[in-house]
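Mind docking chain B on chain A? Use the hints.
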Amino acid sequence: MTRLRVKIMNRAKTIAFSAAVTVALSACGKGDMEETGVETETKLSKNALEVSAKPEPDFDGTIAKPGSPFSVSYKVIGTPIVGSPVTVELRVTSTLGPRPLKVSYRINDASAMMFHEAQPSEVEMAPAANEKFIAQQVTVVPQREGRLYLNVGASVETDDGSMSSMMAIPIQVGSGGRDLEENGEVQLDENGEAIRVLTPE
Amino acid sequence: MTSRFYSRVAVFAMSVLGLAACGGGGSDSPDNNGTTNRAPTANAGMDQSVDEQTSITLDGTGSSDPDGDNLTYTWTQTGGESVALANGSTAQASFDAPDVGIGSSTTLTFQLRVADPSGASNTSNTDVVVNGVSNSEPTVSAGADQAVTELATVNLSGTASDTDIGDALTYTWTQTSGTGVSLTNGDAANASFVAPDVGIAGETLTFQLSVNDGTAVITDSVNVTVAEAAVVVTVSGTVFYEFVPPNDSCRGLNFDDIQTRPIRAATVQLIDAGSGNMLGTTVAGDNGGYSFSNVDGNLDVRLRVRAELKRTGSPGWDVEVRDNVDTSSNPPPLGSRPLYVVEGANFNTGGADVTRDLTATTGWGGSSYTGSRAAAPFAILDAIYSGMQLVLTADANADFAPMDAFWSVNNTSTSPPDIDAGELPTSFYRGDLDSLFLLGDAGTDTEEFDDHVVVHEWGHYFEDAFSRSDSIGGSHSVGQSIDARLAFGEGWATALAAMALDDPQYCDTFVPGTSGGFGIDTENNNSGSQGWFNEMSVATFLYDLWDTNPDGSDTNSIGFGPIFNAMAGPQLNTNAFTTLFSFATELRSMVNGAELAFVDAQLARENIEATSIDIWGTTQGSITTSPNQARDVLPLYTTLPTDGTTINICTNSDYDSGRDGNKLAEYRYLRFTTTSAAAYTVTITTTTPTPPTSDPPPTPPDVIRDQSDPDMFIYRSGGIVAVGNGPNENSEVFTTQTLPADTYVADLQEWRFEDEDGASSDFPEQICFDVSMSPL
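Line by line, the protein sequences are chains A and B.
Sequential numbering from 0 applies to the first sequence in numbering that gives the first Met the number 0.
Sequential numbering from 0 applies to the second sequence in numbering that gives the first Met the number 0.
What the hints contain is simulated information worked out from the structure, not anything from laboratory work.
No residue lacks a Cβ here, since even glycine has one placed at the ideal position from N, Cα and C.
Do not take every clue at face value.
Unchecked claim - These stretches of chain A come out as covered by chain B in the derived footprint (C-beta under 8 Å, 3 or more residues): (1) 150-158; (2) 165-178; (3) 191-197.
This is chain A alone, in the form it adopts within the complex (with noise of 0.2 Å):
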């Protein structure tokens, strides 16, 4: 694989991503389709020129798959505590105008986090005629520490069926860690390689 490869992958490449820019943005982000930037190459950087001067998109030039016709945008309402609701506002826009669409929210991990008594798990509704978006509010109460998750589903009626997506919103609580889900068992091989060994059934 020595072939001189011809690197020329759009203005994505040559704009700068770092863990900074990770570490930098606060609990809020914008769903679905967020761009990550990518490292920069020999060329000129967007962001070196400006780098302090204007914040860059998150994912400004991600080469990603076509999205469902919604995207999510989210904030996390203060600083979220155990046993506290702690409320995140939500934007979900869609490019299908004005047909209502179907907003859920799933827990999956019921000794991290559990609805309000009063939080509907499911709502349905379409954009006010002069916006754009749909705006919701779900209140969570977090049961422990650690980066918890809501899963926040959309999904629209069209012609062709229901079509959906679906997203996670991250809920950081104190400063513990993702629970990560264990998938085999990593091992070294026979050249001290890193695997994960996976087992059939």
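The following block gives chain B in isolation, referenced to the frame of chain A:
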């Protein structure tokens, strides 16, 4: 000479005189004084009968000489078992009687010759009968111990010796332990047999050699260790993975219809279960078949399939599927994170060829994943392999640059991104890492069985590795009117997936076990307004060029070859941005006749004016998409004078309800040609008022959020050569480096349309700018 003469005379005289006495050979002869010399008389003594192994004296003192001469004596043995004589030149010699064995005897004969000084001589013989009085046992050896393999012919070599002269030895071999065998020549010194078939533990056989000398029987034993023969076998079989197809209309995955598919071209290894050592490595065939020959029999082993495609030479490739998630404080580089493998249970190779299949299963437990999701990495790998196979139809020697696909059960769809933590914005391709990142969190979205999604992202890798893409990326969904560069890149990737998988139905399912998901029909684009700004128009155009299924104007196929050639050739170096115009223009130059007409018909169906098309879209007529009558869309490229002349050009966010900043009309394309090398100053001034709004200032108030922020990038054949993206309000002024004579393009945008924090609600949807470019 004299003595020889006299001897002859003496012999002659004896023969004449017929002399015979107790001795023999005596003669007379004249001496030097003229007197006659008389011969001596030899006397070897009386015959004797003696015991074996005793010292015997031969006594010649009875010899005499009539002249009284001094005599010389010479004893020689003339018969019987040879013995060593002592004092053989004196009157009395001696020897040791040999060992003849009990009951036996042997006769030894000796001759004594006496001679006087004149050379006259005489001989006399005597016999010694040696009688055996005791037996000497023979010495016996059955040979050294041996180690042999089963069923081999084994020779037993015995030896024996006996000092008793008269003993005749007889040999007898007998087996004293072990599985019985049939001995050949068991009554001879050298016998043989065929080693028995033994088990893996082997066996020791013992044989005894008995030697009989007529009086005694002496024995010796030998051990023969028989080992199992070195059995080698062939281990072969097929490796599979389970694939879960989508439900109808892409509404979730159908776990009731799991398909078993071969793992194609992956690395298969045979592992010694005891030591963990790798015994062999091979590559599965396109049917998933593998084979290891010359494997030791009766060995505990297991199969390992690595989620990788490796091939050196032409064609060549290097694809690996790894786990990106590592939340440790110092995670290794992405390329060193764990490679997925699937391993089967241990099995014994036995004594004959063995067939062993292995299937990487889904881990689905009926309503959720309950087991190891082993199929996932191989489903991803196989989708990528499908893409590579399509490319090989156009370039059989394609050299695929190394790439990785990162997937994890923890890869969830969220923002902001953290690859180490598995927090991804979505599934995407990163050219700087030559890597795909794919979702796998069962609570939100999994991609492993959404093969169109995998190949779609691999299609972006193709652009990176074989062609070029000027796509600005970012959020996009079907039916949207988006930037022409983004539309082409995404349409290309979707079409490539449909071609590689030979299936026009793109499916993206979400939470497994639910009906979540959506689909794209690449064959029949029906999303949004058709045109060069719609990724579905691009996808359908490309797919219909390739597919052989007639529908509407799609009555032909040009195959993948011309498509590949246009992408890997002129599209790579086009002066324009990579859009449907640049591609279609170059493709049209590669086909003729009916194929050209076919291409034009497909373009026309997507509202592309074909016959006068150029890479700039110069003759592209008005488009019908709303809103606002598609303002600020055409011309696609506006000529930017390089003499300082000011032009006014507008952008708008009419198509960008989500404030993604990558939709139609948000970037305006400029083009200019320089005839000599020069540096330039570019000045951009916002001419649209951006009035103060009621929005609160940001916290912290780092940027004035209400004002326009024009940005511009200048490109030469896809590479950025100048950037003007400062934070100044309502203006941008920047200086280029020296630009060689060439044709350049630039894109101008209102940055606020993609500003993460969003422009205020009062920010105008359309922003216009004065733009000028002057040489320094």
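Each hint tested on the structure:
{"no.": "1", "hint": "150-158", "result": "holds (count 3)"}
{"no.": "2", "hint": "165-178", "result": "holds (count 7)"}
{"no.": "3", "hint": "191-197", "result": "holds (count 6)"}
Against the hints set out earlier in the document, no violation occurs for any number.
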